[in-house]
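Chemist: Heads up: the protein sequence lines correspond to chains X and R, in order. Residues in the first sequence are numbered from 1 upward in steps of one, following the numbering used here. Residues in the second sequence are numbered from 116 upward in steps of one, following the numbering used here.
Bear in mind the hints are in silico, worked out from the structure with no lab data behind them. Any given hint might turn out to be false.
Using 27 Å as the maximum straight-line C-alpha spacing, the simulated DSSO-like pairs for lysine-lysine come out as follows [unchecked claim]:
#, chain 1, residue 1, chain 2, residue 2
1, X, Lys76, R, Lys274
2, R, Lys176, R, Lys501
3, R, Lys515, R, Lys502
4, R, Lys502, X, Lys32
5, X, Lys73, R, Lys298
6, R, Lys501, X, Lys32
7, X, Lys72, R, Lys298
8, R, Lys176, R, Lys468
9, R, Lys517, R, Lys468
10, R, Lys298, R, Lys349
11, R, Lys468, X, Lys32
12, R, Lys176, X, Lys72
13, R, Lys121, R, Lys229
14, R, Lys349, X, Lys80
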Amino acid sequence: MEITCINCPVGCRLNVTLENGQVVSVTGNTCKRGEVYARQECVDPQRMVTAVIPVRGSAMPLSVKTRTPIPKKLIKDCMKALADVQLDAPVEAGRVVLANVCGTGVDVIATKSVP
Amino acid sequence: MERQMKQVDVLVIGAGPAGLAAAIAAKEDGIDNLLVLEREHNPGGILRQCIHNGFGLHRFKEEFTGPEYAQRDIDRARELGIEIQTDTTVLSVDGDHTVTCVSSAHGVEVLSAKAIVLAMGCRERPRGALGTPGTRCAGIYSAGTAQKFVNLEGYMPGKRVVILGSGDIGLIMARRMTLQGAKVLACVELMPFSSGLNRNIVQCLNDYDIPLYLSHTVIDIKGRERLTGVTVAKVDENRQPIPGSEIEFDCDTLLLSVGLIPENELSEGAGVKLSPLTSGAEVDDVLQTNVPGIFACGNVLHVHDLVDHVSNESFRAGHAAAAYVRGALACGETIDVRDGAGVRGTVPQRIRKGVNESVDLMFRPSGVFRNATCVVTCGEREIARKKAPIFTPGEMAVIKLKPEIVASLDETVTVTIERS
Numbered sequence: 001m002e003i004t005c006i007n008c009p010v011g012c013r014l015n016v017t018l019e020n021g022q023v024v025s026v027t028g029n030t031c032k033r034g035e036v037y038a039r040q041e042c043v044d045p046q047r048m049v050t051a052v053i054p055v056r057g058s059a060m061p062l063s064v065k066t067r068t069p070i071p072k073k074l075i076k077d078c079m080k081a082l083a084d085v086q087l088d089a090p091v092e093a094g095r096v097v098l099a100n101v102c103g104t105g106v107d108v109i110a111t112k113s114v115p
Numbered sequence: 116m117e118r119q120m121k122q123v124d125v126l127v128i129g130a131g132p133a134g135l136a137a138a139i140a141a142k143e144d145g146i147d148n149l150l151v152l153e154r155e156h157n158p159g160g161i162l163r164q165c166i167h168n169g170f171g172l173h174r175f176k177e178e179f180t181g182p183e184y185a186q187r188d189i190d191r192a193r194e195l196g197i198e199i200q201t202d203t204t205v206l207s208v209d210g211d212h213t214v215t216c217v218s219s220a221h222g223v224e225v226l227s228a229k230a231i232v233l234a235m236g237c238r239e240r241p242r243g244a245l246g247t248p249g250t251r252c253a254g255i256y257s258a259g260t261a262q263k264f265v266n267l268e269g270y271m272p273g274k275r276v277v278i279l280g281s282g283d284i285g286l287i288m289a290r291r292m293t294l295q296g297a298k299v300l301a302c303v304e305l306m307p308f309s310s311g312l313n314r315n316i317v318q319c320l321n322d323y324d325i326p327l328y329l330s331h332t333v334i335d336i337k338g339r340e341r342l343t344g345v346t347v348a349k350v351d352e353n354r355q356p357i358p359g360s361e362i363e364f365d366c367d368t369l370l371l372s373v374g375l376i377p378e379n380e381l382s383e384g385a386g387v388k389l390s391p392l393t394s395g396a397e398v399d400d401v402l403q404t405n406v407p408g409i410f411a412c413g414n415v416l417h418v419h420d421l422v423d424h425v426s427n428e429s430f431r432a433g434h435a436a437a438a439y440v441r442g443a444l445a446c447g448e449t450i451d452v453r454d455g456a457g458v459r460g461t462v463p464q465r466i467r468k469g470v471n472e473s474v475d476l477m478f479r480p481s482g483v484f485r486n487a488t489c490v491v492t493c494g495e496r497e498i499a500r501k502k503a504p505i506f507t508p509g510e511m512a513v514i515k516l517k518p519e520i521v522a523s524l525d526e527t528v529t530v531t532i533e534r535s
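The shape of chain R in the complex, shown without the other chains (with noise of 0.2 Å):
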């Protein structure tokens, strides 16, 4: 059978923050032909369930929730007339840019884009990654997957519940399922520190006595059909449990806010380029993978701390897919960026020669550096300098390259941390 391919100019994969803002500068470059995908029903991403506030202070200068900030985008998108095809899974994408799709609406679909934007975000480490032994129970849910219980389907997981990492949604988490009702006994993680910010450790764990272990983890999980409890045990620095130091809590619910990967399956699929210490594509200035017009944004990029960030990273993605469709992407020879000491998984990975265009370098800190200064150079010249009182991994680092700067690299870019 003769499948009718639909021809589109530019398709977005994902209508989360990145999709939704990637779409609207397509669309505002004067790209009609552009369609969008959404696995859920509803467009927003992960903002719908983020209830809490403080999103978009940089973008907006205002403090929103999650689904404040995301209807922004979703009223501009609606007003633009910019097509969002929801309840539709992308089943793979390939190189020469045909994507197939499924959905109940429309069954198999196949489309051919001139470009595509990947912008599919980010999924949480599941207990399986931990390698934490005990039973298999009920109870264990990822913290994300409990946030979405609670804020979008109004079911609450459990009502004594301990959380293992302190990340930033672990940490919301904490306080959410104190305000709806449960017990939290411990938050527990297993650095000396913790990746989550200042703001959220007082405010989501200080404000309810909801003590924090550091250096300690789970070391067994009890229970047959719902979990009954957990030990907790300290850590030496190798990371390994200290026998004698064991506690044991009695709960029903372990939340996981153990890190974010992104969900690359489709990339990979297309032959994109993925790197080791991001988890995401390799890209360059205008963030094009290693095929041509595949481009990708947002959390299926790296990991983002601010959805401000992703957004606009995201309407560079779309300008440039929309540049890229009308054959007006300077696309030639690129200069590599490299992460020197001090430094993990830049992006982007290398800048396009001779273009004059600024460039924010974006990258993790890979320790805690008090009162030090990021270096970027250009072979041995010094291109960029920015002082500041802390670096840390759990806020991502960004240092603006001036056009003029740009429009000069010959050699190979470095970036560094020194210490002071």
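Chain X extracted, bound-state conformation (with noise of 0.2 Å):
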């Protein structure tokens, strides 16, 4: 499998071998923020995911954030998910608009203030 690493501008192309699921072996990266990228990339990609949604009683959408990464296979479920919540003005900014998305255990918040 080859991946392109993302931890600065080089763009190190990464092959890397999988056995039953599990990293065996990285080769093309340059330092090793690369393997640890790749090990991780291959096996569990994880991504942050941001939106912004509608606020009743508001003319601005709310801008919100997962609190960490989750897997990146439930971006989509994700966004469905914050697509049925409801929520009135105002909402502070930190404040969990949506527990544990899609079971990931991972609470999505709002990134700013809507009034």
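The two chains are supplied separately, each in an independent frame; assemble them into the complex guided by the hints.
Modeler: Encoded structure:
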């Protein structure tokens, strides 16, 4: 499996060999960070999800984020779950708008305040 | 009619990350008669619409979204009692430090400031600057405008999208439009490489199977009232379209992410000399322009990649403006800083002679250099050296000169990149 390292602008092409879903070797990296990234990315890729959702009583939408990264394969489901969230203004930055999104154990929180 | 002229010590134009940092620094240095003017209704600048994460790693050792990063500075400004007058557009700045502004609340006001910090940021290169043929239909937006619609106003600008240019804002918008329900058909880049971060190529395009067409451009725009499609073609090494390589895209929206230009109309009116390389002011090591008492920082000075760098640079400008007001800023002879091979648009363009403070030289590499070394010389003498696995135009390079080195400068300083 070939992936691009994202740690710095060099963008090393990493060749990753997997056996039974486990990384057995990483080549093409020029520093340690590349190997760490490849081991995470090939076995369990994770992403922060940010989005905007409407708030009743406000013309401005609310920006939100997952507090920590969630599995990449759950991004779509996370967006679907967020589409069903009903919120009323005011909302304070940092408030949990959706707890334990898609069973990840990760909360989605507001990243700004909407008066 | 005699107009009452309001007097301030430090006037900051713009309450984005640069203006906020400059104001915080000046206030912390004891400048109480301080005013920040902001055109928008809220402070925070472009960060307000940058709802993605990745801001602040250098400054806070923590990753924030744009609104969260901005809020830190807004909170600090409030805590310090800094006055930010929003909904106020500055109309002109004169070389004698007279500033004319207008707002619905106060009408036209004329102010006089002992020191002025220019922190107006930059704007996006528009369609007109590209010379792309085709009709003048609706559905063509700069990526940042689309970002404002989606993230601040809750409107989706379209359903089927092509993005021209692979700068970071374009890449970020490819993901945002996809997540908010649109179909992004392609990201088209004229150059054989993307100027965006690898992280954004992977996480904004690859994650969503959005194809990146390198060495391609839009050669036709179709649609009467609303955009109905664009024609994309491959380009040769002279960036000329190759006949027969056309691809038709059926889309209702075209986003442009084709570069940023510092917004310097006010600076020019004040007699501030601009650099043709950065399109921003020429400044010394404390960000003072050729007009005494007028400083510039952030994206109005030169376009940055990281807000952390904007904040650090702007703290420096704020401290310098405060020193200028107190009469404590040493201004005398300066040493010129020049771009050597492989280097474009080094900031600052000059360094005050005999100053015992460290200076960060910032520049854009003129091409991609792998395993190269940045070398700084003063006359014939080498004064700094930095090796890096890569220098690329997409990432601003920084090389630090130590205080004792700065104090010893006696001849023109030249920054070069040497291939190994």
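Chemist: Indicate, hint by hint, whether the structure satisfies it.
Modeler: Here's how the hints hold up against the structure:
1. Lys76/X x Lys274/R: holds (17 Å)
2. Lys176/R x Lys501/R: holds (23 Å)
3. Lys515/R x Lys502/R: This hinted pair holds, its Cα atoms lying about 13 Å apart.
4. Lys502/R x Lys32/X: holds (18 Å)
5. Lys73/X x Lys298/R: Given that 27 Å is the threshold and the Cα spacing comes to 18 Å, the pair holds.
6. Lys501/R x Lys32/X: This hinted pair holds, its Cα atoms lying about 21 Å apart.
7. Lys72/X x Lys298/R: Holds, at roughly 19 Å.
8. Lys176/R x Lys468/R: violated (34 Å)
9. Lys517/R x Lys468/R: holds (14 Å)
10. Lys298/R x Lys349/R: holds (22 Å)
11. Lys468/R x Lys32/X: Cα-Cα ~42 Å, so violated.
12. Lys176/R x Lys72/X: holds (24 Å)
13. Lys121/R x Lys229/R: holds (11 Å)
14. Lys349/R x Lys80/X: violated (37 Å)
The structure shown violates the earlier hints numbered 8, 11 and 14.
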